[in-house]
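Residue numbers (my numbering), protein chains in the order written: chain B, 1 to 309; chain X, 1 to 332.
Please keep in mind that the hints were generated in silico from the structure rather than gathered at the bench.
Think of the CB as a built atom: it goes at the ideal place given N, C-alpha and C, for glycine as much as any other residue.
Don't take every hint at face value.
As the list claims (entries may be wrong) - A short, non-exhaustive set of chain X residues, derived as facing chain B with CB atoms under 10 Å:
(1) Ser23
(2) Ile29
(3) Ile170
(4) Phe175
(5) Met179
(6) Lys277
(7) Val278
(8) Val297
(9) Val303
(10) Ile320
As the list claims (entries may be wrong) - Stretch by stretch, here's where chain B covers chain X in the computed footprint (C-beta under 8 Å, at least three residues):
(11) 66–73
(12) 86–99
(13) 184–196
(14) 306–313
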Amino acid sequence: MSSSVAGTVSPTRQAMRRLRRDRSARVGLVVVALLILIAAAAPLLVRLAGQDATTYHIDLLDPARGNAPRGAVGGASGTHWFGVEPLTGRDLFSIVVLGLRTSLFIAVVVTLITTVVGTLAGISAAYFGGWYDAVLSRLLDFLFGFPQLVFMIALGIVVPAGFPRWLLLILVLSFFGWAGLARLIRNQARSLVAREFVEAARSVGSSGWMVITRELLPNLLGPVLVIATLAIPGYIGAEAALSFLGVGVPPPTPSLGRSISDSIAWVYTGADPWFLLFPGAMLFFAVLGFTLLGDGVRDAFDVRLRRTN
Amino acid sequence: MPDLVWFLTRRLFAALLVMLALSLAVYLIFYAIPADPAHLACGKPCTPDRLEQARHFMQLDQSTLQQYLNFLKGIVAGRTFGDGAAAVHCNAPCFGYSFPLARPVTTLITDRLPITASIALGAAVLWLLIGVSLGVIAALNRGRILDRLAVGVALIGVSTPSFLLGLLAILVFGFWLNMVPVNGYIPLTESPVDWAWHLVTPWIVLAILQAASYIRLTRSQMLEELNLDYITTARAKGASEARVVLTHGLRGVLVPVITLFGLDLGSLLGGAILTEKVFSMQGLGDLLISAVGQLDVAVVVGVTLFSAFLIILANLVVDIVHGVLDPRVSHG
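Excised from the complex, chain B in its bound form (with noise of 0.2 Å):
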């Protein structure tokens, strides 16, 4: 970077300057933006193939290999596009892309959710510090040592069956996804609140509030985007391990983790490798885009990174 620009545009400029220059951050923002707009569009996309997730082709099974779908590439035609899913000859295309669209669903809210909350954890125990510092931090540990998929598997057992499983879903992995971002920006934080410019706000009267709101998170923000950008493939492989699992989205809602469970008969014995790849496929590439989106707003971000690399 030359330094003669660094005296005149923002470190915000800055960073999203050289975040243009990262081809792996261009790479990672175009599959992600691929990702949202078909996980926006998915609904219309089933439209427009003239399918749904939930019609049977028995049809197009065939008896004689166990009801594997007849002909190459798991079925696929002009019709079924990715093919359909064996047993019971579902579209596949259909539950691939409304998969795609409760992953990402569930992943973007609990990542505002967890931002939110953690966010404002950090900032107020470093700003407070004391024993509410003490208290959360103690807190923080305790969650993060935690067997977390044990007890979101266990927690099934006390939620009443009439309880939403995907509100469930964002509630247990929120309950243990903002401990991470809150350690993060209270450390961040700490070294904030020695500097001179809170030192003055506080000295003129501003309240705890307004420090922390007007000083401290206009300050954060940088590494409150690189966190929660690098949370989101964490959340997408954590619902699609749920569901995996058994535990997390219900049929008949389609998810990308399910029909990977599903999968794992036909994978065995060969009959249907097609099950795996597709849905397989999708899950890959939601995860691959956000973390070289989300590798690359760190290395924009962050410059002790950028010196050590």
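Keeping the supplied structure of chain B fixed, place chain X upon it in accordance with the hints.
Below, chain X alone, put in the same frame as chain B:
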């Protein structure tokens, strides 16, 4: 040395406190379950006094706090349900009794634990080896092909969910190439060779994914370490390059790697649970998931607390190793 003893006592005490607090929290949460375990156990037709009998037998007629104290006592001293000929004993450490399965939860856990533990421990050893050695290689070849390759492997590892990679491995190596067994667990005591042969694929899959963050950490830490003055001094004194890297450089890498390992213990268990499902092995995860389906609260509480205790204990060990390796930790 007294410093170290004081450090160990403090850590042990803290771990015990966390376990107590956690067990109370878990107990309170899971006994708020909407289904009544006694109702499920009492059979049909379930008359009011048979239900009452079942509640009494299962000790569900006592207050929640009393039930919790019974549970704690069971872990230390074991417990007995009912009396006379119908009595059911649950020896210490008793993590509860599953009435639907008619087995103590501790037995259920010890039956399944070897499977999950075999996956987790083998994968952990492998991922530390892969992660640290690839990280060192990447750092020493900074900017060259090997470095880019290691960083690329790390990126793919970070982006692939373990169950997806596991299924792809089964498809490619198990089905298409027919090289490895795709499912099933053979106990170590039965045949160590078959045990390892059935676990090779799960180990490699889990290790590759987790190794990714260790490659990244080791690489950047090693690069930082190699720029420090004492490394220059060691080189100036004529130490061989291998000695500089392996004894001096690696020591600085070890402490952050151990810290990260401590944080990853929880996800190691989670990864093992996902992996056992992919390879159709009936471990702790399978026990827990079917217990949730059967509304078997005793098993759910038992497995949850047992895994939490395991993680807390493992963290304690990591802490102690950390304290011994890095005196600043035990003195601070």
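Comparing the hints with the structure gives:
no. : hint    : in the structure
1   : Ser23   : 13 Å, violated
2   : Ile29   : 6 Å, holds
3   : Ile170  : 6 Å, holds
4   : Phe175  : 4 Å, holds
5   : Met179  : 14 Å, violated
6   : Lys277  : 6 Å, holds
7   : Val278  : 7 Å, holds
8   : Val297  : 7 Å, holds
9   : Val303  : 7 Å, holds
10  : Ile320  : 15 Å, violated
11  : 66–73   : violated (count 0)
12  : 86–99   : violated (count 0)
13  : 184–196 : violated (count 0)
14  : 306–313 : holds (count 5)
In terms of the numbered hints stated before, the structure departs from hints 1, 5, 10, 11, 12, 13, listed from lowest to highest.
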